[in-house]
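Q: The lines below spell out each chain.
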Amino acid sequence: MASDPVTRNLSMSRAIAEATVQAMEDDPTIFVMGVGVDDANGIFGTTKSAHDMFGDARVFDTPLSEPSLTGMGVGAAFMGMRPIMVHARTDFLLITMDQIVNHAAKWSYMSGGALRVPFVIRSIVGRGWGQAAQHSQSFQSLFAHIPGLQVVMPATAGDAKGLLISSLRGDMPVIFIEHRWLHGIEGPVPEARYAIPIGSARVERSGSDVTIVAISHMVVEARKAAELLATQGISAEVIDLRSIRPWDRDLVLSSVAKTGRLLVADTSWISFGVSAEIVASVVEEVFGKLKTSPRRIGLPPSPTPCAPELERAFYPDAQSIVASVLSMFAAKADLAADAPDGGEKPFAGHF
Amino acid sequence: MDTSVLVRMYAQMQLVRRAEERVIEQYHWQNREFAEKRNPPHTIKCPTHLSIGQEASAVGLCSALDVQDVLVSSHRCHAHYIAKGGSLNAMMAELFGRTTGCAHGKGGSMHLVDTSVGMMGSSAIVGGAIPLALGMALPFKMRGEAHVSVACFGDAAVEQGVFHESMHYAALRKLPVIFFCENNGYATLSPFAARQHVPIYARAASYGMAGIRVDGNNVVEVCEVVREAASTARAGDGPTLIECETYRWIGHVGPDRDAGTGPRTKEELESWIERCPITRLRKQLELRVSKEVLVQADADVERKLDDAVAFAKASPSPTAEDLFHGV
Ligand SMILES: Cc1ncc(C[n+]2csc(CCOP(=O)(O)OP(=O)(O)O)c2C)c(N)n1
Ligand SMILES: [Mg+2]
Numbered sequence: 001m002a003s004d005p006v007t008r009n010l011s012m013s014r015a016i017a018e019a020t021v022q023a024m025e026d027d028p029t030i031f032v033m034g035v036g037v038d039d040a041n042g043i044f045g046t047t048k049s050a051h052d053m054f055g056d057a058r059v060f061d062t063p064l065s066e067p068s069l070t071g072m073g074v075g076a077a078f079m080g081m082r083p084i085m086v087h088a089r090t091d092f093l094l095i096t097m098d099q100i101v102n103h104a105a106k107w108s109y110m111s112g113g114a115l116r117v118p119f120v121i122r123s124i125v126g127r128g129w130g131q132a133a134q135h136s137q138s139f140q141s142l143f144a145h146i147p148g149l150q151v152v153m154p155a156t157a158g159d160a161k162g163l164l165i166s167s168l169r170g171d172m173p174v175i176f177i178e179h180r181w182l183h184g185i186e187g188p189v190p191e192a193r194y195a196i197p198i199g200s201a202r203v204e205r206s207g208s209d210v211t212i213v214a215i216s217h218m219v220v221e222a223r224k225a226a227e228l229l230a231t232q233g234i235s236a237e238v239i240d241l242r243s244i245r246p247w248d249r250d251l252v253l254s255s256v257a258k259t260g261r262l263l264v265a266d267t268s269w270i271s272f273g274v275s276a277e278i279v280a281s282v283v284e285e286v287f288g289k290l291k292t293s294p295r296r297i298g299l300p301p302s303p304t305p306c307a308p309e310l311e312r313a314f315y316p317d318a319q320s321i322v323a324s325v326l327s328m329f330a331a332k333a334d335l336a337a338d339a340p341d342g343g344e345k346p347f348a349g350h351f
Numbered sequence: 352m353d354t355s356v357l358v359r360m361y362a363q364m365q366l367v368r369r370a371e372e373r374v375i376e377q378y379h380w381q382n383r384e385f386a387e388k389r390n391p392p393h394t395i396k397c398p399t400h401l402s403i404g405q406e407a408s409a410v411g412l413c414s415a416l417d418v419q420d421v422l423v424s425s426h427r428c429h430a431h432y433i434a435k436g437g438s439l440n441a442m443m444a445e446l447f448g449r450t451t452g453c454a455h456g457k458g459g460s461m462h463l464v465d466t467s468v469g470m471m472g473s474s475a476i477v478g479g480a481i482p483l484a485l486g487m488a489l490p491f492k493m494r495g496e497a498h499v500s501v502a503c504f505g506d507a508a509v510e511q512g513v514f515h516e517s518m519h520y521a522a523l524r525k526l527p528v529i530f531f532c533e534n535n536g537y538a539t540l541s542p543f544a545a546r547q548h549v550p551i552y553a554r555a556a557s558y559g560m561a562g563i564r565v566d567g568n569n570v571v572e573v574c575e576v577v578r579e580a581a582s583t584a585r586a587g588d589g590p591t592l593i594e595c596e597t598y599r600w601i602g603h604v605g606p607d608r609d610a611g612t613g614p615r616t617k618e619e620l621e622s623w624i625e626r627c628p629i630t631r632l633r634k635q636l637e638l639r640v641s642k643e644v645l646v647q648a649d650a651d652v653e654r655k656l657d658d659a660v661a662f663a664k665a666s667p668s669p670t671a672e673d674l675f676h677g678v
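For the protein sequence lines, the chains are A and B, in the order given. Numbered according to my numbering, the first sequence terminates at residue 351, and the numbering increases by one at each position without gaps. Numbered according to my numbering, the second sequence terminates at residue 678, and the numbering increases by one at each position without gaps.
Same shape as in the complex, but just chain A (with noise of 0.2 angstroms):
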């Protein structure tokens, strides 16, 4: 990805509006339903384009009937199309489980292979601002528990253009978990198209003595904790798990075998979530190498709160990080102190 010749900064958001229209050029069953893809703000900026370029009969706005029309995505998948449908926020996906678990993830095993169930769904976790309970959650762990389904949390604008191409080439349900507050980041984005292999994980930083597999805007933070860490003489590697169902297993042991220790952050509640999977893993497959035992970091189990005190108890970051990995080792202990803050704007309408 790195050699392609053409590579410029581009924001998450815009990443995954390329992506779309590239693959959509390249293939004339995809198309894109969903409440909003087509207004003005065009789901963060992500949509607008391919409906400007496609208009209403491949890029449409839906009414708010959104399990059946998931089922319809279903439908219409069986018939060779390959739809996308957009959420403008995870929670909204709960409403459609029925479609996604009992139809879209089974479809194919109970027709005994005869049908395959291509279909993308993107849905966005939002974060501050006090959206509170409805309009936070990060819901990878329940979907990641289906067979059948495969679950995709790009953190850079790199992955996501990879990642959105491999789901649309791919011939399974993905669901597609972006970060409000990954959007506006830029990164480096080949202009070309290509795909990252839905399983892969990236190592966004090596080191020796600890690993954190970080996922989706934890990797964010992870990579702040990292710096931290080095100024501390500890040298962490960094994972980005990027996919979370089927994930990078031989990564993330080889690299435990070899630091052998292991924080996994999540955006999401550390309890039966993706954390407890990955530790569970590291646990049976590489136990003999480990220093000290597993950390992770999560959220606390309350639903989101809405005030701004209580988002900052609620959210971990980079300051929790430091703070766990500096607990498997000699105590070290004012290094937690100077991590920066989160990315918060100033309220502008949507959020």
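Derived by calculation from the structure, the hints in this document are not laboratory data. Since the model is a prediction, treat every value here as computed from it, not as a measurement. C-beta atoms are modelled at their ideal positions from N, C-alpha and C, and glycine is treated no differently. Possibly wrong hints are sitting among the right ones.
[As the list claims (entries may be wrong)] Listed below are the simulated DSSO-like cross-link pairs for lysine-lysine, each with C-alpha atoms no more than 30 angstroms apart in a straight line: (1) A:289 with A:224; (2) A:289 with A:258; (3) A:224 with B:388; (4) A:48 with B:617.
[As the list claims (entries may be wrong)] Stretch by stretch, here's where chain A covers chain B in the computed footprint (C-beta under 8 angstroms, at least three residues): (5) 391-401; (6) 489-503; (7) 506-512; (8) 534-541; (9) 661-673.
With chain A held as given, fit chain B with the ligands onto it using these hints.
A: Frame of chain A; chain B with the ligands shown alone:
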């Protein structure tokens, strides 16, 4: 209708309008502070969906209800909360994210609740609260209590399966429910005609239920229609679907107007401003009461809101220990 009732309705609508305008003031103050990099102490830091222009629907509805009648609402819930009699101090404190807020700072603008007056909460999942109204109606029926349960929702909720299942079952069981739809013509930026092609009120017929369309900017008409629906429900004769035709003057979310920037034109907004529900009633009242009565009503509204904003500002913010309280 009795003049004193009309004056009360006027005052309630004015309270909703001015409360929303206070929210806008807070937002604008805060955004200016941000722009000048002063990093202000936060005032309102949550997404707000304002009901300016839609006051008559909420006030007409609640004027026909008793305090024992219960109501659930949507993301756009400020007007329902205020009209049902919810505490203004607790509302403003909730928007400010303070411990004295109606949900102790956990819920924010989209989840206003005051159970002491039958305001049972609000869901930000479109259509999500509708079946809760059936659940509140069921025990009224089981216990033989003549109360009513109301689901307030926007036009887009009609597109959700949960609306249809709820209509179906409430009619089948003759539950004392009022399905109260405020059709403001849009779901975010999507116009009604792009999403639905059957009048909302007409859907009731297929469920064997009465369906009525009313001018949602005429508080008296709304009140009368709800009174009738409520007495049907109290008598055990089942639910009613009421569609209020109305319009929101502000953008879908946040403090600013959106007319002229997208599908919502300035002309459309102006035509609805001409149908302002408050101005309309005020003109009628000017013929029936002395000017002082209305001046007094307006002054009372401002005093209540001054108090509410001051209360919110003076209230403490929650601390990390409060996070798990109420889980
Ligand atoms: C299930 C679901 N899908 C999408 C959304 C995003 N959303 C929030 S409000 C809204 C529009 C709702 O329109 P309407 O019901 O007419 O209410 P209004 O905002 O006009 O009062 C949308 C699409 C949501 N909250 N829930
Ligand atoms: Mg509407």
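Q: Each hint should be assessed against the structure and marked as holding or not.
A: Here's how the hints hold up against the structure:
Note on residue 289 of chain A and residue 224 of chain A: the hinted pairing holds, with a Cα-Cα distance of about 26 angstroms set against a maximum of 30 angstroms. Straight-line distance between C-alpha atoms of residue 289 of chain A and residue 258 of chain A comes to about 8 angstroms, which keeps the hinted pair within the 30 angstroms bound. Under the criterion of a C-alpha separation no larger than 30 angstroms, the hint pairing residue 224 of chain A with residue 388 of chain B is consistent with the structure, at around 24 angstroms. Straight-line distance between C-alpha atoms of residue 48 of chain A and residue 617 of chain B comes to about 24 angstroms, which keeps the hinted pair within the 30 angstroms bound.
Here's how the region 391-401 of chain B fares: 4 of its residues keep a CB closer than 8 angstroms to some CB of chain A, so the rule of at least three is met and the hint holds. Residues of the region 489-503 of chain B lying with their CB closer than 8 angstroms to a CB of chain A number 0, which falls below the three-residue condition for coverage. Coverage of a stretch by a chain is defined here by at least three residues with a beta carbon nearer than 8 angstroms to that chain's beta carbons; for the region 506-512 of chain B and chain A the count is 5, and the condition holds. Residues of the region 534-541 of chain B lying with their CB closer than 8 angstroms to a CB of chain A number 4, which satisfies the three-residue condition for coverage.
For the region 661-673 of chain B, the assignment as covered by chain A holds, since 5 residues bring a beta-carbon within under 8 angstroms of that chain's beta-carbons and 3 suffice.
When each numbered hint is compared with the structure, a violation occurs for hint 6 only.
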